[in-house]
Structures are given as C-alpha cells and as structure tokens.
Amino acid sequence: MLTAFFARRARHLLIALVLVSLSLVAPAFAADTVNVYSARKEALIKPLLDRFSAETGVTVNLVTGKGDALLTRLQAEGRNSPADVLITTDAGRLYRAQEAGVLQAVESDTLLREVPAHLRSPQNQWFGLSVRARAIVYATDRVNASELSTYEDLADPRWKGRICIRSSSNIYNQSLVAGMLATQGVASTDAWLAAFVPNFARPPQGGDRDQVLAVAAGQCDIAVVNSYYLGAMITSGEPTQQAAAEQVAIFWPNQDGRGTHVNISGAGVVGSSKNRAQAIALIEFLARDDSQQWYAEANNEYPVRPDIAPSALLQSWGEFKADQVDASELGRVNSAALMAMDRARWK
Amino acid sequence: MEVEATSIAVAVAGPTRWQRIAGTDTVWRLCLLLGAALIALPVVVVVASLWQPYSPVWQHLLDTVLADYVVNSLLLMAGVGLGTLVLGVSSAWLTAMCEFPGRRFFTWALLLPMAMPAYIIAYTYTGLLDFAGPLQTALRDTFGWRYGEYWFPEIRSLGGAICMLSLVLYPYVYLLVRVAFTEQSTALLEASRSLGRGPWRTFFGVALPVARPAIAAGVSLVLMEALADYGTVDYFGVSTFTTGIFRTWYGLGELTTAAQLASLLLLFVFVLFALERLSRQRLRFHHGTVSKAIQRIPLRGWRAAGTCAWLALILLAAFVIPTTQLALWAGTHWRSSVDAGFMTLVSNTFMLAAIASLCCLAVALFLAYGKRLFPDWLTVVAVRTAGMGYAVPGTVIAVGVLIPFAWLDNHIDLLMQENFGMPTGLLLSGSLVALLFAYVVRFLSVSLQTVESGLSRIGSSLDESARSLGASAGGVLRRVHLPILRGSLLTALLLVFVDVLKELPATLILRPFNFNTLAVRAFELASDERLAAAATPALAIVLIGLLPVILLNRGMTAGEDGHG
Amino acid sequence: MAEHLKLRDVSVHYGAFTAAHNVSLSLQAGEIGCLLGPSGCGKTTLLRAIGGFEPLSAGEISLQGSTISGVGNTLPPEQRQVGMVFQDFALFPHLDVGRNVAFGLSYMNRSQRAARVSDMLELVGLGQSGRAYPHELSGGQQQRVALARALAPKPRIVLLDEPFSGLDSELREQLAGEVRQLLQRNQMTALLVTHDQHEAFAMADQITLINGGTVVQSGTPDDLYHRPIDAFTAGFIGEGAVIAVQVNGDGTLDFGLGLLQAPVAAQYAGRSAGLLLRPTDIAYAAHSSVSLPVAARAFRGAQYLYQLQLPDGQLILCLAPVSTNVSVGGLLPVSCHLDALSLFEPS
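Residue numbers (our numbering), protein chains in the order written: chain A, 1 to 347; chain B, 1 to 564; chain C, 1 to 347.
Derived from the structure by calculation, the hints contain no laboratory data.
Keep in mind that a hint or two might mislead.
[Claimed, not checked] Just a few of them, taken from the derived set where beta-carbon distance is under 10 Å, the chain C residues facing chain B:
(1) 48
(2) 52
(3) 77
(4) 80
(5) 84
(6) 86
(7) 91
(8) 93
(9) 104
(10) 150
(11) 152
Glycine is no exception: its CB is placed at the ideal position from the N, C-alpha and C atoms.
All chains, full assembly: derive it from the sequences and hints.
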C-alpha cells in the first residue's frame with residue numbers, strides 16, 4: 001500500500017520534474033539572454049546582473065560555484081554548453097580556463113581601454129574586474145609599523161611564533177607564493193618558505209577573518225590577509241568583529257620594491273557562446289564607471305580601473321603600490337607554488 | 001536441500017510454469033545488473049582514472065603530503081567511528097531498553113542533530129570556543145591570563161573535527177541500532193542473565209554483538225560520511241585525504257590525479273567493508289519471528305538521573321548549543337535574509353529533498369531485494385559498487401555524473417543534427433534530472449544500508465513460505481516485506497531527505513541556472529566568512545530537518561509502547 | 001527432606017492486571033515439577049518470577065532455604081544460579097555452539113571450561129557440533145544445545161519454558177523422555193512450564209495446574225487424572241466428558257446408562273452435579289441392554305474413539321475395539337464401569 005502509493009506519486013513527480021527541469025533549461029536558449037557561470041558569490045554579482053537586465057532587456061541566467069568546478073562543467077559540456085560568460089575570483093582560474101581552451105578572444109575597444117594590460121590576458125581572453133590586495137595586518141599595541149617592511153622579511157627569526165596565516169589550500173596564499181616564484185625564482189622562494197613557515201604562531205586554520213580575530217585576541221602579532229576581509233569586518237555591524245578590526249592596522253608590504261601582492265577577479269567569454277554579443281556587452285557593462293564602483297565596493301575591493309576611486313574606507317588605508325606582475329603569470333606558476341608550500345610543510 | 005526443493009517445484013508446477021518462473025528471474029537479474037551499473041557509472045568514471053597516465057605530481061604527493069593525508073584520515077575514521085559508536089549505541093540502548101522520566105522526549109530529540117550540517121556546527125563551535133571566542137576571552141579577562149599561559153582544548157584540530165563530526169553523525173548509529181535493539185529477542189538477554197552475567201556483561205556479551213549488522217551499517221555510513229567530509233576538516237586546517245583531493249584538483253589543477261586519489265579512497269573503503277562482511281559471513285542474526293512487546297528496565301534514583309544527564313549532555317552539545325548560537329546570529333541578520341527569494345529557496349530545498357529521498361528508496365528497495373533473491377557474486381559486487389557513492393566527496397561524484405551525462409547529451413545532439421537537422425543541445429546536463437541522479441548515486445548507500453539491515457532481520461522462511469503460497473518475487477516484496485519493513489523504509493526515506501537538505505557540493509556544480517538551495521545560500525555566505533548572515537539559511541535547514549525527525553519519531557515509537 | 005524450591009503466596013501484577021495470585025508450591029530436591037495450564041494462565045509469569053525477571057507484588061520465593069524473591073527484594077537473575085531453557089531456545093546467534101554452552105562458565109579457567117563444554121555436548125549427544133552456529137542446527141539439536149547451556153554451570157534448578165513447543169510432536173515425546181532421563185541422571189531439580197498435558201505426564205513427578213493465575217490443583221499425574229477436583233481440571237487433563245446429572249435423594253445417581261447403586265455422592269444428594277466420564281469408563285459390551293447412537297467417531301489405530309449420545313442429548317466418549325466398527329448413526333451397545341467417581345458442582 002505504502003509503496004504503491006509512493007510509486008504512483010513518485011512517477012507523477014518525476015514526470016513533472018522532467019518537464020520543470022526542461023523548462024528551466026529552456027531560457028538558456030532564448031533569444032535575448034546571457035548565461036553566466038560565476039565563481040563570485042551570488043550576493044556580490046546578482047544586483048549588478050539585475051541592473052544590466054533592467055538597462056538592456058537582456059535576461060541574465062546565473063549559476064554560481066567554485067571556479068574549478070565550473071571550469072570542469074564547461075569542459076564536460078563542451079560545444080553545447082549553455083554558458084556565455086565565466087567569472088572567477090582569481091587569476092589562476094582564468095589562466096586555467098584559457099589553457100583549457102574554453103574561452104575566446106574578445107575584440108572590445110572598451111575593455112582594452114579600461115582594463116590595464118597586466119590585469120587582462122595577453123590574448124584578450126579574459127579581463128580583470130576588481131583588485132584585492134594581500135596585506136599585513138598587525139596588532140597596534142605590540143607591533144610598530146616601522147618593524148614591518150616586506151613579505152620576505154616575515155621569514156626573519158624575530159617573527160617566530162608571531163604570525164597567523166590560513167592554510168596553503170587557500171588560493172590567495174597560493175597566489176602570494178606564485179607572485180614570489182614569478183619574481184624571485186624557485187630557489188629563493190623555497191628558502192623563504194623554509195624560514196617563514198616555522199614562524200607561524202599556530203597551525204594554519206580558519207579563514208582570513210579568523211586570522212584578524214586571532215591577532216586582536218593576542219594569539220599572534222601579525223597576520224597576512226586579503227584587504228577586503230578587514231573591510232568586511234569593519235562594515236559588518238557586528239560588535240565583536242568591529243572591535244577586533246579596531247585593534248589592528250593594515251600595512252602594505254614591499255612598497256620600496258615590487259609592490260604589494262594583488263590578485264584579481266575577472267571574466268571571459270566562453271568559446272562556445274551562442275550569445276557572444278550579449279556576453280561582451282555584459283563584461284563591458286561590468287567595466288563601466290558605476291558598475292566598477294559597485295562591484296568593488298560590494299566586496300571592499302579596489303576597482304580595476306585606475307580612474308575610479310575606491311571606497312572611502314579603502315582610501316583611509318592610504319594608497320599603495322601594487323605588484324605589477326602579470327596576472328596570467330600568477331596562474332601559470334600556481335601549481336608550482338602549491339608544491340613549494342607542500343615541500344615547506346605549510347598545511 | 002535447495003536442489004530438492006527445486007525439483008519438487010518442477011514436479012508440482014510442470015515445465016511451462018517453471019520456464020515462466022525462470023524467465024521472470026532472468027528479467028529481474030538483468031534489470032538488477034543494469035540498474036546497479038547505471039548507479040555505479042559515476043563511481044566507475046572516477047575509478048577509470050586509475051587507468052589514465054600518472055602525472056609527475058604523484059611523486060611530489062608521495063614525497064610531501066600523502067602520508068599526512070592517510071594518517072589524518074585514518075585517525076579521523078577511528079575517532080569518529082568510536083565517537084559515534086559510544087554516543088549512538090549508548091543513546092539507542094537507553095531509549096530502547098530502559099524506562100526513565102523523559103525517555104519519550106529523548107527518543108525523538110536525539111535525532112535532531114542529524115539536520116545540522118557538519119560544517120555549520122564547526123562554525124558555531126569555533127565561534128564559541130576559539131581563542132578569540134567569548135569563552136576563552138571571558139577566561140582571560142577573569143583570570144588575567146594571556147596567550148600561552150593556560151591550556152584550552154584547540155577546537156580547530158583533528159580532535160575538534162572528530163568531536164564535530166561525531167556530534168552530527170551519531171544519529172545514524174542511534175537510529176539503526178535502536179531498531180535492532182527493539183527487535184532483539186528479550187529471551188537472549190534473559191538467557192544471558194540466567195547464565196550468571198550481569199546487566200553490563202549481558203549488554204557487551206549479547207546485546208551488542210547481536211546488533212552487529214545494524215552497528216556495522218550505522219558506523220559504515222558514518223565512516224563514509226566522515227571520509228567524504230570537506231567543509232569541517234578544511235575549516236579546521238586538518239589535511240585529510242579529501243582535502244588532499246581538492247588541493248590536488250584546485251591548487252595543482254590536476255583533475256585526473258585528484259580522481260586517482262578519490263579512487264584509492266574508494267578502494268580502501270571497499271576493502272574495509274568487504275572485510276567486515278567477510279568476518280561475519282557464517283553468522284545469521286535474525287532470530288525467528290517471535291516478537292514480544294519490549295519490557296524496559298525501569299531506572300530509578302541516581303541511575304535515572306545519570307541517564308537523563310548523559311542524554312541531555314549529548315543533546316545539548318549536538319543540538320541546543322549550536323542551534324542557539326545560530327539563532328543568536330540569525331537574530332541580528334534575519335531581516336536582510338528572509339525575502340521573497342528565501343521562500344523559493346525553502347521550497348526548492350524541500351522539493352529536491354523529498355523527490356531525491358523517494359528515488360533513493362525505490363532504487364534501494366529494488367537493489368537490496370534483488371540481491372536477496374540472487375546473492376551470487378556478480379549481483380553482490382554490482383550492488384556494493386552502486387552503494388559506494390557515499391564515500392566519495394560530493395564534488396567528485398558530481399564530476400562523475402557531469403562527464404557521462406554531457407557525453408550522452410552531446411552525442412544525442414550530434415545524432416539528431418546529422419539525421420534530422422534538429423540539434424537538441426544539452427538535455428540532461430544542467431537539469432534537475434542530473435542533480436537528482438547525483439543525489440541517488442551519492443545517498444543510495446544510506447537507504448540501501450537501512451533497507452538491507454531491515455531485510456537481514458527477516459528470516460528466509462518468510463520468503464519461502466510466501467513463494468510457496470504462490471506469491472511472485474515482487475509479490476513477496478509487496479505483501480510480506482514492505483509491511484514488515486515499514487519502519488526501515490521510513491528511516492531510509494528520512495535519512496536521505498535530511499542528507500539532501502544539507503547536501504552542498506554536488507548541488508553547487510550540477511544545479512540549473514537560477515536555482516539555489518538553502519545549503520548553497522548558507523555556504524556562499526559562510527565561505528565569504530559572513531557567518532552571521534549564513535545563520536538564517538542554516539537555521540532553516542535545521543528547522544526543515546525537524547519535520548522528518550518528528551515523522552520518524554511517530555514511525556519509530558508506534559507499536560513499541562503498547563506492552564501489557 | 002527439605003523443600004528445594006518453595007513459592008509462598010506469590011502474586012505478580014502488571015499494572016492493574018493480575019498475572020498470578022497467591023500461588024504456593026514446592027519442589028523437593030531432584031524432583032521434576034510442572035506448571036500446566038492453558039496459554040495466558042500465568043504459568044510463564046511464575047517461571048519468570050523464579051528466574052528473577054518479574055518482581056513479586058506479594059509472597060516469597062525461596063531456593064534451598066534462602067529467599068531469592070520477596071516484595072521489593074528481587075535477587076538479580078545472574079546471582080540466582082537458575083538455569084533457563086527458553087521457548088525459542090534463545091541461542092546466541094553470534095556464538096557457535098561451544099561458546100553458547102560456555103557462556104555461563106566464565107568463572108572457570110580455560111581448560112576447565114573446555115572440558116565442561118565437551119562433557120555437556122557429549123551428554124546431549126552433540127559432541128561433534130561445537131563449532132557449528134545455531135542456525136546450522138535442526139530444531140531438536142538447538143533444543144539440546146539450549147539444555148546443555150542451561151545445565152553447564154550446574155544450576156541449583158533448571159526452568160524450562162515450553163521447551164518442546166517449537167518441535168514436531170514425534171520429536172517432542174522422544175525428547176521429553178530423553179530430557180527427563182538426563183535431568184534425573186544428573187539429579188537436577190527442574191520446573192517445566194507447558195500447556196501440553198502429554199509433555200507434563202512424560203516429564204513431571206509433580207504437576208501444578210494453573211488457571212487464571214491461581215493454582216487449581218497440585219499432585220502427581222495420577223492424582224490429576226483420576227481425582228480431578230473440579231470440572232476445569234477434569235476437562236483440561238485427559239479425555240472425557242463432564243455431563244450434568246441429577247443425584248437422587250439417597251446419594252445414588254441415574255444418568256441414562258442405568259442406575260449406579262452405590263450411594264457415592266452423599267454431599268450432592270438431591271441436587272444436580274457434574275459427572276466426569278473418561279472414555280475408558282464406558283466399555284463396549286456386546287450384550288448390553290443399553291445401546292447408544294454414535295454421533296461421531298475417530299480412528300485411533302487399534303481402537304475407535306466414539307462420541308455417543310445419551311437419551312437426554314448429552315455427549316459422552318467411549319474407547320472401543322476397532323472391530324466394533326459402528327458407523328455414525330448406528331447403535332453401540334455399552335456398559336459403564338466407574339473406577340472412581342468424579343462429581344463436581346454443576347457448572
């Protein structure tokens with residue numbers, strides 16, 4: 001009785017489901033649409049996409065996910081993939097997408113003009129849309145800013161047991177080491193890692209905010225974190241997070257040399273795109289003045305365009321010199337960076 | 001005996017009927033193998049990576065991190081296995097076999113932690129117990145301690161991960177073992193008592209070993225889930241085999257090597273469970289059909305108080321504290337989270353979970369029953385393989401689904417275009433069908449184990465008597481097993497329901513455009529380190545999870561309380 | 001001789017339900033007793049009370065002179081040294097036969113235990129089956145294992161709960177005889193619970209008939225068969241019919257098979273009563289003046305069991321040689337030979 005009931009229901013449900021899912025896939029092929037695979041979280045992209053729809057009348061369909069997973073999905077779906085635009089949150093994934101051949105070159109004067117050359121692919125297959133910096137955060141009561149200078153200096157024994165940083169599984173740490181590899185080569189990077197890792201105050205754990213909290217609580221004196229997490233803590237409206245953020249200050253390392261390490265979020269047009277014009281229009285829209293402003297501010301990032309001013313909060317942290325290393329170079333050496341971190345037992 | 005029975009059947013039924021029976025059996029077997037093969041396909045796709053060339057990255061892994069992965073995964077398994085065993089078996093025994101004030105309440109309340117995603121409980125406890133958290137801060141403020149001047153258990157550690165996973169996974173053991181205890185013949189326990197063994201020795205010497213199939217089923221579910229866990233161990237910075245798979249894929253960009261690692265994990269699990277089964281091959285645990293109303297041991301005084309305290313402690317740690325923390329977080333943020341879109345999230349999540357659990361149950365019944373009918377090695381291996389998806393991280397399963405589905409879609413498209421000039425595009429990829437299929441692959445094991453452990457407690461004489469009364473194989477299932485198994489079926493249904501509620505990685509990769517679930521929303525916010533904002537969807541998952549738990553409670557206690 | 005087992009005014013309640021009320025009985029050492037009664041009469045409850053599984057609401061149970069159960073004072077089962085054989089044998093499915101038998105021998109060392117197990121298995125004729133698992137044995141073999149297991153720790157008394165009910169009738173009688181011999185050879189005191197009088201007769205020295213939770217009659221099998229104290233006992237034990245009769249004023253009685261001359265029933269003089277007639281009480285007599293119509297008959301090998309109708313319509317039983325061969329509806333000439341007259345209050 002029970003199963004007979006379930007079986008009958010299940011069959012109806014399944015049929016209904018197939019129909020529903022087909023109808024859900026269908027919009028992907030409708031005329032005026034653009035389909036986005038985004039590694040940037042929904043909350044940080046959806047409002048902009050909605051604005052794009054309102055302005056142009058183009059429907060935007062969105063799937064979010066992790067960069068590599070979306071890339072794998074694109075590759076598996078191949079020439080029939082419904083995706084038109086791929087958005088990722090670091091250069092490494094954009095580089096991989098280009099290597100995998102799932103992106104196409106875009107001839108857009110707007111994009112070439114607005115996005116600085118080192119923040120887009122040399123083949124014009126992807127374009128940076130925002131910049132995030134990996135900065136040093138220090139406890140103002142225990143560390144004097146004059147003691148800080150460069151990432152390289154963090155390997156000095158005087159920092160022993162004073163540094164908090166998250167796991168090497170984190171892409172921004174991989175990218176940081178990739179930046180070092182790209183500029184200084186394998187041998188000196190290995191040497192740096194070998195001295196830097198033993199300086200950790202605790203085994204790597206948690207997210208970037210946790211590192212800031214640990215500095216504020218006194219578990220360590222400095223932490224290496226993405227600037228936007230500190231911004232997010234300050235604007236979070238949560239007393240504990242704000243209190244912690246107030247006990248620390250931000251420091252831009254390597255200002256006398258190559259500059260502070262930065263990574264980008266960016267987008268490219270999918271090779272098999274059936275809505276190429278709309279896809280390009282969307283990326284151009286994301287590079288527009290007002291979009292850039294929102295896109296950067298939503299996540300406390302820096303706009304990719306030098307002519308757009310960052311948010312007031314970011315301005316209060318002062319200007320800094322960013323490392324000009326080519327973003328695609330970061331992607332190219334990303335796996336080598338992780339292997340170097342493995343060798344140094346950076347968990 | 002078997003041969004005799006067959007020849008009698010031939011003699012009685014005559015050749016035509018016999019041939020017809022043989023024909024149905026062949027169809028059954030064929031469907032069975034095909035069905036199992038289909039479900040096993042994603043796992044096979046993953047395992048097929050073992051035949052692909054081995055990248056030089058392997059040498060690097062062997063030199064540096066692989067040993068860590070293996071050791072940590074083994075420790076995690078041992079710890080979580082032991083933890084869930086202690087929590088699950090003790091709570092099952094107390095609520096099934098003892099009578100004390102509050103027993104009915106605990107019977108269902110102990111299931112509540114099931115609805116708590118492991119990574120969410122990890123976040124809440126980190127918020128509380130971390131160095132920067134309120135508890136340690138208060139300690140420091142009170143006693144004037146500073147960092148390094150006092151000892152406090154580090155929550156973000158292997159031990160912490162074991163605790164977190166044990167707290168949310170023990171209900172699997174509790175649920176399955178409790179059913180086994182209630183169905184155990186009380187005469188066995190009395191026999192042991194009359195042979196001079198006290199209550200404790202009877203528990204360890206008889207009740208526990210006799211409940212072994214259920215314990216094995218529960219613990220193997222737990223172990224598979226623990227092995228596949230990514231969120232908790234990643235957050236705690238514990239490098240396990242699974243975090244290793246993702247580092248290799250995401251960090252090193254080596255999908256093939258990652259799949260090869262996943263295959264090794266699978267082989268390990270396969271061998272482990274094969275050994276367990278082998279070790280009890282000669283044993284039969286079903287015990288006639290004598291079933292009496294349970295006579296619970298009345299507990300009074302300090303025993304009752306101790307029991308209540310222990311169960312309350314479990315409940316507090318696994319549910320009340322994390323839920324309260326979530327509610328506090330959600331309290332500050334729910335206004336911005338609960339909008340029209342939120343209700344869509346809720347209904348999406350609910351629909352998916354409901355349909356997926358029905359699909360899983362149907363497939364599990366089909367396979368478990370088929371295996372009972374034809375317990376030859378081919379069927380057994382096919383069904384086992386189909387049930388392996390649980391040990392594989394959801395993302396890896398998703399890739400295993402993605403690749404064959406897209407391949408099929410692209411070939412259909414090509415075929416239609418060449419023959420009819422009618423391209424079809426992707427039919428299944430990126431649809432809910434693919435997602436549901438992935439759920440079945442991933443969670444089949446849950447329903448399969450539950451149904452099988454239910455079936456193992458039905459003696460084969462029942463099958464035989466029903467068959468001899470003219471019932472077909474399907475008839476036996478429908479008229480004999482299903483009514484007897486109702487409790488197990490309900491359990492299977494609801495376990496999968498709750499699992500799908502929490503499921504994240506496969507949903508993330510396979511879902512269609514503009515389709516989100518509560519788990520996806522909670523994860524997106526949490527991975528952006530916006531824990532407070534993530535609390536509302538996480539709390540919604542827990543609340544929806546209450547629904548099946550209440551249903552399950554009704555199913556569980558119906559019929560076991562009417563003793564005279 | 002002292003009483004080995006003694007129940008004094010024992011009552012057991014389940015909530016408001018009285019399972020046993022004011023039951024007293026005793027067994028001498030080496031004696032085999034039996035609690036006989038219809039199902040649901042409370043006999044199993046009494047057995048379980050002796051085993052220590054049911055608390056008493058009144059009375060006392062003592063074994064070898066010391067109290068093992070009183071009100072609010074129940075010695076745990078494991079401290080009683082009471083062996084039990086369960087209806088479904090309750091063999092541990094996870095242990096082989098040898099370890100089942102060894103289960104209660106944990107006080108012995110390894111070699112003692114092994115010797116005892118093999119002795120016990122020899123005793124029940126299962127010397128070769130030590131490594132088999134219970135489900136690999138036949139019902140009769142399982143029964144013997146259960147007995148061996150109960151006897152192995154040398155209990156002070158063995159309790160057997162419907163020990164043969166799961167077996168076929170042929171095996172049942174054979175085993176009952178074997179078990180009795182085995183118990184007697186080992187000078188075991190035993191108490192058996194059954195609803196089957198044949199089992200009771202085959203096994204027991206003393207039978208206590210229970211109905212509705214109270215003792216109806218206690219005595220040897222012979223007492224119970226030939227001197228039942230009421231219609232229930234008469235009806236429950238042995239075959240026979242209780243018919244309503246009118247006792248004459250002088251104590252003689254007349255019931256359609258002729259007048260019984262002896263004034264056997266003084267206390268019923270001038271009243272109606274119930275009279276027990278066993279099938280052996282009514283004999284075939286070729287030349288008898290009384291012939292009764294046959295209402296039904298059952299073939300019993302050498303004999304027919306006839307059901308005969310008295311002139312007033314009541315039915316009685318008669319065991320007659322198979323040569324009589326009177327079919328239903330025919331007349332059978334009979335005479336009445338009462339060894340002992342059993343008269344009861346009319347029902």
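Hint by hint, here is what the structure shows:
no., hint, in the structure
1, 48, "holds, 8 Å"
2, 52, "holds, 7 Å"
3, 77, "holds, 4 Å"
4, 80, "holds, 7 Å"
5, 84, "holds, 4 Å"
6, 86, "holds, 4 Å"
7, 91, "holds, 8 Å"
8, 93, "holds, 5 Å"
9, 104, "holds, 3 Å"
10, 150, "holds, 8 Å"
11, 152, "holds, 8 Å"
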